[in-house]
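With the hints as constraints, model all of the structure from the sequences given.
Chains A and B supply the protein sequences, listed in that same order.
Using our numbering, read the first sequence as starting at 1 and increasing by one per residue.
Using our numbering, read the second sequence as starting at 1 and increasing by one per residue.
Keep in mind the hints are simulated off the structure, nothing from the lab.
Keep in mind it's a predicted model, so treat the numbers as computed, not measured.
Each hint should be verified, as a subset may be incorrect.
Simulated pairs of lysine-lysine, DSS-like, Cα-Cα distance not exceeding 27 Å [what the hints assert, rightly or not]:
1) K11(A) <-> K515(B)
2) K182(B) <-> K43(A)
3) K15(B) <-> K208(A)
4) K351(B) <-> K525(B)
5) K147(A) <-> K388(B)
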Amino acid sequence: MKLTLKVWRQKNREAKGAFETHQIDGISPDMSFLEMFDVLNEKLINEGKEPIAFDHDCREGICGTCSMFINGRPHGPKRGITTCQLHMRSFQDGDTIVVEPWRAGPFPVIKDLVVDRSAFDRIIASGGFVSVNTGNAQDANSIPVAKEDADDAFDAAACIGCGACVAACKNASAMLFVSAKMSQLAHLPQGQPERRRRALAMVAQMDKEGFGNCTNTYACEAECPKLISVSNIALMNREYLGATVKSDE
Amino acid sequence: MELKSNIPEGPLAEKWTRYRSSVPLVNPANKRHLEVIVVGSGLAGASAASTLAELGYKVKVFCFQDSARRAHSIAAQGGINAAKNYQNDGDSTYRLFYDTIKGGDYRSREANVHRLAEVSGNIIDQCVAQGVPFAREYGGLLSNRSFGGVQVQRTFYAAGQTGQQLLLGAYSALMRQVGMGKIAMYSRHEMLDVVVIDGKARGIIARNLITGKLERHFGHAVLLCTGGYGNVFYLSTNAMGSNVTAAWKAHKKGAFFANPCFTQIHPTCIPVSGDHQSKLTLMSESLRNDGRIWVPKKKGDARPANDIPEDERDYYLERRYPAFGNLVPRDVASRAAKERCDAGYGVGPSKMAVYLDYASAFERYGQIEAAKQGLVDPDKETIKRLGKEVVKEKYGNLFDMYEQITGENPYETPMRIYPAVHYTMGGLWVDYDLMTTVPGLYALGECNFSDHGANRLGASALMQGLADGYFVIPYTIGSYLSKEISTKAIPTDHPAFEEAERNTQAQIDRLLNVKGSRSVDYYHKKLGKITWDKCGMARNEQGLKEAIGEIKALREEFWQNVRVPGDQHELNPELEKAGRLADFLELAELMCMDALHRNESCGGHFREEYQTADGEALRDDENFSYVAAWEYKGEAGYELHKEHLTFENIKIAQRSYK
Ligand SMILES: Cc1cc2nc3c(=O)[nH]c(=O)nc-3n(C[C@H](O)[C@H](O)[C@H](O)COP(=O)(O)OP(=O)(O)OC[C@H]3O[C@@H](n4cnc5c(N)ncnc54)[C@H](O)[C@@H]3O)c2cc1C
Ligand code: SF4
Ligand code: FES
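Following this line, the structure appears as structure tokens:
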């Protein structure tokens, strides 16, 4: 396959970025999108140019590191997969592909296609956990959990923290990410004692980081590689509302 | 120097309990002044860091990814073992201990493995308390599955994403401590050297990967939890960034490197499809629970899998190993696949693959499901459909992943699989306390050599990482730190820090100044080819000798001709890769030397010269029942030290899974 790539280049956080166009040939449909970038970078290095910086690690859709905005969509055209799982057989010979970083205020660009997502870590640090020190636990089977609840918790916990939901949202809302964690813990008995505190703390941190509000366009769900459901957002709103009512009393 | 494993006295089953009741403690006021550096945020690092911070130590954590949650542990699929005996199928601490020693082909330390089995149950308790959503049965209790090399069901799992869920649990505990100000987190930082002062580890040099600046960090103790070195083979199931740098730099500062040739080739991975390939994808071992592995009985049979009738298929694992069948340990399964393919029975375009078939699982589960739903005389199609639904629930994400990569639907045609590099049993030598030969420097998780001998059993790495971090190091570190309570924090302008930084800077300058004509990947691929061909699934004397020569030559060429674009003071992935490859190029040589010196076959180390008449690994217990711990001697090479293994509680036998 022969392709034209328009790729965002930006030297660092402060620099002004711009698109750069590259022609690339000899791409096999069996390559992943990132392997196609490997080929391009190899070519750039051989030509004495600077390769394009992009984030990646596991290359199997689980670490949440890769983050390319491809033809206007986070993780590209296919539903339910990450950039590293996207294969070139999803494109046509001769296509022009536009590749940008996640664009959202709370995710500043570090270089080229690499952004800073540490805001997500800070949200988890604010309350995305169960406060249980090592050694405090009772026998794992002492609290049965209905299979349905465990499954719901698992579905929410499948979030890989990639940030595609934020990149997809015109308001740069992080609600899908935040609600997934809240929902995982709300579905489990272990998450109950801190439910209110968690809801308040995580929402406060989310706002502090500058993420926008949810206006129900559901672009997040459509672009989430792990198909995290927007029903989690509804749950989160209930959690939050319940918690504020309680704390006003 | 003599290797002291510091195994406590007493009967095996009491060693750990006695140790815990007698190990010196550090009082809370002193803990506040003791600083611990944890390098790595995978299962081992995150669990150690959060637990130590909970205990009151001042902790700093480093990882090279942009978030601690992205450590390679996230990718583990199949499950985690624990001797809970929830299935009432005869499991016990002793049995898990025994299986692990035997699975490791009698090349691990009894006391360590027993401790691992003892704490395994606590891990599951801890994870559940954190909100890890393990798979459950309708009664609300935890579900188990089987893994290779054992005959009980002791593997806990969360669909095919067990590592993700366990790591997110440990990460949440870690972030909780970060939020409380008890841990300082340094993501996008790469450790590039250990600082040793008066013979003790006292800190690290790390590069901030965004600004490129070198930083100095002091610690009373340093924990390396930096994962395995499987990427020395270039193609492996490891994440792209997994590397040996931290362990290797520690090795050059005096930490012995043990059993580097014990590397694990996983039998069920998606076969290589072309030169462009950057990594290989694992199909979890849990798939061997229900899938059956076969090749055609006829050599070079080119018919599509579904057209080959049942009686023309060779279920070679079931044939060769009737007692364990498809669930033989990994080394055995991998070699058996290679044997069939080398003999000309391989399938797929490359002929270097075998089938992993779910047809009979669809049928079996379908029957059960139909019976549950009370269907009378269901037709074949209905059974198949019901069976597929059950399989989808158990392994759906793995099947999807397979389809994603190959473009083939595994619900309709059998998967094609082939062995790939997966895990490294070798690593930094540690004593019972998990301390390396450098006082104050510890190694946890895959980065140490300890518990898996010459072959790791499935679902045991997650167990070991979390055992080390949650339940072992919090006790054993006290034995060292209790003697350090009056050591003041050493200012980082100490000459040892200056020197370490200078050396690190010199290596960076050197890499950037070669300005040659070939990319880092070019050399990495070449190294991978040498190591895979000559130190992979099968090894022999001649090949290993050639490999050592080729690696030396490649290393020389690398340093003369590599091209690292960009500069130090920016995000520069090529520079990161170059530094890691430089270390792999050294480790690879030691790995081959180790393989060459070990004149026996055991576990994942298969020397063609040493096999039984029917092609099984032939150990030489008389001469090789030891851990090979290599000391770095600079220009002079490496010196071998032996830790002899004694088995007091297990009778050594030829490993048989027949
Ligand atoms: C695809 C796959 C599936 C697997 N499935 C299973 C399974 O089902 N069950 C099982 O038991 N095991 C499984 N394993 C093995 C298991 O996942 C690993 O052995 C284990 O997770 C390793 O954990 P760790 O904490 O030792 O290291 P890792 O998780 O690899 O973490 C290493 C950490 O060190 C950091 N690091 C490394 N070098 C540096 C440096 N120089 N400076 C700073 N930071 C550094 C990294 O950033 C990372 O945080 C699987 C492995 C793979 C590849
Ligand atoms: S909710 Fe989906 S899109 Fe958002 S971070 Fe999680 S996995 Fe990514
Ligand atoms: S690289 Fe890990 S999800 Fe894409």
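Hint check results:
no.: 1; hint: K11(A) <-> K515(B); result: holds (21 Å)
no.: 2; hint: K182(B) <-> K43(A); result: violated (46 Å)
no.: 3; hint: K15(B) <-> K208(A); result: violated (51 Å)
no.: 4; hint: K351(B) <-> K525(B); result: holds (22 Å)
no.: 5; hint: K147(A) <-> K388(B); result: holds (20 Å)
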